[in-house]
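Asks: Sequence:
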Amino acid sequence: MDAAENHQIESEEFERWTCDRHDPPILLAMVDAAGHLHIKVRNRDWYVTDFTTVTATCPKCGAVHTRKFAGR
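Going by this note's numbering, the first residue of the sequence shown is number 61, and it counts up by one from there.
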């Protein structure tokens, strides 16, 4: 992927994946309309395109969240 490529997409095109055990919920990742997973960790951005199951751990409480994306 070209580092100069622009990955900014309007926020309404994303679905938020959150840990709902907190108020406000803790953001784990964002999923765009094409089914691409967007993860920001400190100063790094991750864009994942080929996946079916993703597991994320909440950084605040340690809860493990697993989500299947098959069929997107």
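Derived by calculation from the structure, the hints in this document are not laboratory data.
Glycine included, each C-beta is placed from N, C-alpha and C at the ideal position.
Careful: at least some of the hints might be erroneous.
Unchecked claim - Listed next, with one range per pair, are the computed distances between beta-carbon atoms: (1) Lys-128 to Phe-74: 16 to 24 Å; (2) Cys-121 to Lys-100: 28 to 36 Å; (3) Asp-110 to Asp-83: 14 to 22 Å; (4) Asp-83 to Thr-109: 28 to 36 Å; (5) Thr-109 to Arg-76: 12 to 20 Å; (6) Phe-74 to Cys-121: 33 to 41 Å; (7) Gly-122 to Glu-73: 16 to 24 Å; (8) Ala-123 to His-98: 33 to 41 Å; (9) Leu-87 to Phe-111: 17 to 25 Å.
Asks: At the C-beta level, are Gly-122 and Glu-73 separated by a distance inside 16 to 24 Å?
Replies: 30 Å, violated
Asks: Kindly confirm whether 33 to 41 Å is satisfied by the beta carbon distance between Ala-123 and His-98.
Replies: Taking Cβ atoms as reference, Ala-123 and His-98 lie about 21 Å apart, which means the hint is violated.
Asks: Indicate whether the distance between the beta carbons of Phe-74 and Cys-121 respects the range 33 to 41 Å.
Replies: About 23 Å separates the Cβ atoms of Phe-74 and Cys-121, which means 33 to 41 Å is violated.
Asks: Between the beta carbons of Cys-121 and Lys-100, is the distance compatible with 28 to 36 Å?
Replies: Violated, since Cys-121 and Lys-100 (Cβ atoms, about 19 Å apart) do not stay within the stated range.
Asks: Kindly confirm whether 12 to 20 Å is satisfied by the beta carbon distance between Thr-109 and Arg-76.
Replies: With Cβ atoms ~19 Å apart, the hint holds.
Asks: Look at the Cβ atoms of Asp-83 and Thr-109 and judge whether their distance stays inside 28 to 36 Å.
Replies: Holds, at about 32 Å.
Asks: Please check whether Lys-128 and Phe-74 have a Cβ separation lying inside 16 to 24 Å.
Replies: For Phe-74 against Lys-128, whose Cβ atoms are near 18 Å apart, the range 16 to 24 Å holds.
Asks: Verify the CB-CB distance for Leu-87 and Phe-111 against the hinted window 17 to 25 Å.
Replies: 18 Å, holds
Asks: That 14 to 22 Å hint for Asp-110 and Asp-83 (C-beta), does it hold up?
Replies: 34 Å, violated
The earlier numbered hints that this structure contradicts are 2, 3, 6, 7, 8.
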